Every structure is written in structure tokens, then in C-alpha cells.
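A.B. asks: Hey, can you work out the whole structure from these sequences and the hints?
Number of protein chains: 2
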Amino acid sequence: MRKIDVTPIVVDPFNTDFQQRWNWTTLGKSLLNAAENHAKARGFGMMELNGNHYTWVLARLTIEMVNMPMVYTKLNVSTWIESIYSLFTNRNFSITAADGTVYGYARSVWAMIDYETRQPAQLEQMEGQAFEPYLFPEQPCPIEKAGRVRPLSDDNYVCSLDTRYSDIDMNSHVNSIKYVEHMMDLFPMEAYQNGRNLRRLEIAYMAESYYGDRLSLFRRQVDEDTFEVEIRKDYEGPDTKGKTCVRALLKFG
Amino acid sequence: MRKIDVTPIVVDPFNTDFQQRWNWTTLGKSLLNAAENHAKARGFGMMELNGNHYTWVLARLTIEMVNMPMVYTKLNVSTWIESIYSLFTNRNFSITAADGTVYGYARSVWAMIDYETRQPAQLEQMEGQAFEPYLFPEQPCPIEKAGRVRPLSDDNYVCSLDTRYSDIDMNSHVNSIKYVEHMMDLFPMEAYQNGRNLRRLEIAYMAESYYGDRLSLFRRQVDEDTFEVEIRKDYEGPDTKGKTCVRALLKFG
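First to last, the sequence lines map onto chains H and V.
Residues in the first sequence are numbered from 10 upward in steps of one, following the working numbering.
Residues in the second sequence are numbered from 10 upward in steps of one, following the working numbering.
A hint or two may mislead.
Below 27 Å or equal to it, Euclidean Cα-Cα: the simulated DSS-like pairs (lysine-lysine) are [claimed, not checked]:
no.	chain 1	residue 1	chain 2	residue 2
1	V	K260	V	K83
2	H	K49	H	K154
3	V	K49	V	K12
4	H	K49	V	K83
5	V	K154	V	K252
6	H	K83	V	K49
7	H	K12	H	K154
8	H	K12	V	K83
9	V	K83	V	K49
10	H	K260	H	K154
11	H	K260	H	K242
12	V	K83	H	K83
13	H	K83	V	K12
14	H	K260	H	K83
15	H	K12	H	K49
Treat the hints as calculated values from the structure; they're not laboratory data.
Keep in mind it's a predicted model, so treat the numbers as computed, not measured.
C.D. replies: Okay, here's the thing in C-alpha cells:
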């Protein structure tokens, strides 16, 4: 079996934003679906791991788009494993047109956790799992790795929301991409008009949140186009700071 | 060209709910995408109409699922035009497995409106449009047509939300399926547990809403499994009743 999977995807009209560009929700879910399908075809998808009481959880995701494809564009979403080390695996992605035009790249870091205890497994010592034949470090992913996003302060509080049915995915926690949707909704329409869009996203997943949790969103502007966002659960003001679920950097342009 | 289009779709893992069933958001958008792709291939898609200053808007949507397909199921989403009359066209859908097993059916009613004035066009008199060769009334769609949903009262008020970037689609209004997502989020997790799910949805789209509108949701229980939901904009309590955007019937089971 090849090391890389290439999934053809068309930018369908109702998967676009108001500017007829592919929306980030569909983009993000397409990456996660490609990752899971790649793992499944090689014997270490979530369903196979669930039989062994493990599942994959996303620890970090970085997406950088040179250009956002327009409605009806025919895309190839490619994914491969860059490396495996200790508790984590690095998986990369490219989003290109059928003719090879690059739209963007993505990097992700995953941990395999015990479904019950939510504790991570030592990937290099997983019995019966053969990741090595699929390692593909030589395949280029020419975007910078994510930096560290600083913690945000109570002064940066914007709003809170209660998680609901549509936030939850097959892992029974708030879906990784739903956090992105909630973060993007912090910005006014002007951030997405006149050719402007989210260009680069770095997100670190630090703790899971579940159905019924109240999420509080914090935002700090770094420069004209760059914002840091943090999402905490159980935040009730300066006295009860809650637990940080995700921390992210968003660059517009 | 055939009268019917059949689109193969796989239930991808991150397009499911917490029970690993295809989620209604993806189901609904798959129907709209199939509809638009069918129309486009025959010369009357939104992009072609936009050139002529018209676009399609959904007036009614009824979806009834015998069974909700599980993750990795290979589906065929089929769509065809049942009829065209005066200001509306009836378009139907089936959702089946590759082996023919029926998962569900859907009925929809669309109007073609002027992009600027938002007024509907007389479909039978549209110059240069040839719908007739594609009419397919003999193809069965064995689910009941939608009934009338009664107006809800102020006593049925549940909550309000402000529409944001992720609510808006290429028609620059709140997406038809996002209303469904907001309605489904009115119900607690128990409505979707122990094999229970939304089984039948009837929704009437009565007025458009836009970015920044405040939507207010009303819900009334009809019987153990049946609920009526209404969404209004500009509702500020009994004195300012606002404008009804959608009215829906949801049957669980």
C-alpha cells in the first residue's frame, strides 16, 4: 500500500461561504476525514483502535492556505505520516487542484488515548501496530510549524456559549473543527470581505470538552491581521478561571 | 441527459454524530448540493441564473429517514424534478445504499427569485429555460407531503441567538440547513440516545434572515415524539413579535 492517500473532493456550492469560497468547516472536516480514512485503510483507524479500547485525538492542527478554492473547484486532499515519536504522530496534508496548483498545506499532531482513561499510549511500543512502513518524512510540507500561543487573560473575555448536540462528534467530545467555527464566528463579516479571509490557523487542543459544557471565548489582537484566541470551560470570571480547552493563532489577510 | 442524477456519497467519520450516525447537517447539505449540481448540469444552476440575475431559494423541505446510515456506509443520493407550476418547482430525493436499501426520501419546493428585488419569477414563462425535458413525475417518492405548521405563541419562546459568519451561505442569507442545526440543538442529548433520532422533518421557509439578525426560537410539544418549532427575527417579546423566518415539524423516534 502507498504511503500517501489522495482524496478527490469537489467544492460543492453549499460547502462555501457567502463569497463562494470553500468554507473552513468543510476544509477542516475534509482533513480529519482524510486522516481517519488513511489510518483505517492501513489497520489503525479509530474503529480498529476502539476494538482495542484506543482512539486518536488531535493535539495540534496548523492549516495555511495560499488561496481558498472557489465553488466547483476540483481538489485533491493528500495526507501522509511524517513521523511517530513517543506519545505523538505527525501527519501532514496538501490541498491542490487536479492540475497541481497548490491551495494550501496542513500539519497535525495526534495522540492515541485509552478510550476509558483518556490517557495517551506510547505509540512506539504499541503491540500489533505497524506504522513504520507508512512513514513518509521526505514528502514536503512547506509551511512553518506552529509556535506557542500565550495564555490569554480575563481582560480578553468576549462571550460564552453552551455546547449542544451539533458540537459533539463520534468521539463523544466537542469536535475539533467546531471549535474553529466558534472562533471564526468571533470576527465580524468585514474580516471575510473584499478578498480577505482566514489565511493561517494554528490550534492546540489542550483538554476535551463535552456536551453541556459552557465554553468561554477569549481574544487578543497581536497585530493588524493576527489574533490569539483561547477557549476555556467552567470559566466564571477572574475567581474561577476554568480549564483551557484550546488555544489558537489566527492570521487574516 | 437523464432526468435523474445519482451522487455517490460515503458517510465519512467526521460527518457523523456521537452515535456514529450520519448527521442531519451533512444529510441536508448533501441534498442541497445534489439539487444545485443537477440544475447546473442542465443549464439552470444558481451561477447560470445569477448571470440572469436570478437565484433558487428553498421554500419547503421535508425529509423522512427510515434509518440513518452509519459511518462508512456507501450511499447514493438521487434527485429529480417532480413538477413545475407557476412560482414553484417540486424536486424530490432518495437516499439509498449501493445495494438499493432505502434509508430515506425527501421532498423540496423551490422558487426562483430576482437576486436584487427578492421577488419570485413565473417559472413556466422563464425565457430560454427548458425545464420540461427533465420533468419526472412518475419516479416514486413515497413519503407524505408536508402539512401546515401552526404559528407558535410567545409562551413557546425558548432562546435567541445572533447569526454569525458560519450561518451565511453563497446566497448571502442564513443557510437553510443551519436553521435545522439550530432547531435540533433545542433538544437535549436524550432525544438522540438509545437508538432515538430525528426521523421526519418538515420545514417551511417563510422569510430570509441575514448576517447579524437576532433569531428567536419557539418550540411546542404536540405529542410524545412530535414538536413544532418556529424561528423569528426581530422578536423582542409580546409587543414586538418580529417576522417568522421558518416554521417546522420535527418527529423523533
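A.B. asks: Work down the list of hints and note, for each, if the structure agrees.
C.D. replies: Hints, verified against the model:
Proximity of K260 of chain V to K83 of chain V is assessed by CA-CA distance (about 26 Å); at most 27 Å being required, the pair is judged to hold. Restraint check: the Cα-Cα separation between K49 of chain H and K154 of chain H comes to about 26 Å, which is no more than 27 Å; the hinted pair holds. Of the supplied pair hints, the one linking K49 of chain V and K12 of chain V holds, its CA atoms being roughly 13 Å apart against a limit of 27 Å. Between K49 of chain H and K83 of chain V the CA atoms are separated by roughly 16 Å; this keeps the pair inside 27 Å, and the hint holds.
Between K154 of chain V and K252 of chain V the alpha-carbon distance is near 25 Å, which keeps this suggested pair within the 27 Å criterion. The hinted pair formed by K83 of chain H and K49 of chain V meets the criterion: a straight-line CA distance of about 16 Å does not exceed 27 Å. Between K12 of chain H and K154 of chain H the alpha-carbon distance is near 22 Å, which keeps this suggested pair within the 27 Å criterion. For the suggested pair K12 of chain H and K83 of chain V, the alpha carbons sit about 24 Å apart, so the restraint of at most 27 Å is met.
For a cut-off of 27 Å, the pair hint linking K83 of chain V to K49 of chain V stands: about 24 Å separates their Cα positions. Only pairs whose Cα atoms come within 27 Å are accepted, and K260 of chain H paired with K154 of chain H is accepted, the gap being roughly 14 Å. Taking the CA atoms of K260 of chain H and K242 of chain H, the gap is about 24 Å. The hint holds against a cut of 27 Å. Distance restraint check for K83 of chain V and K83 of chain H: the Cα-Cα separation of roughly 21 Å lies within the 27 Å cut-off, and the hinted pair is therefore satisfied.
Proposed proximity of K83 of chain H and K12 of chain V is supported: the alpha carbons are some 24 Å apart, at most 27 Å. Proposed proximity of K260 of chain H and K83 of chain H is supported: the alpha carbons are some 26 Å apart, at most 27 Å. Distance hint between K12 of chain H and K49 of chain H is fulfilled; the C-alpha atoms sit about 13 Å from each other, no more than 27 Å.
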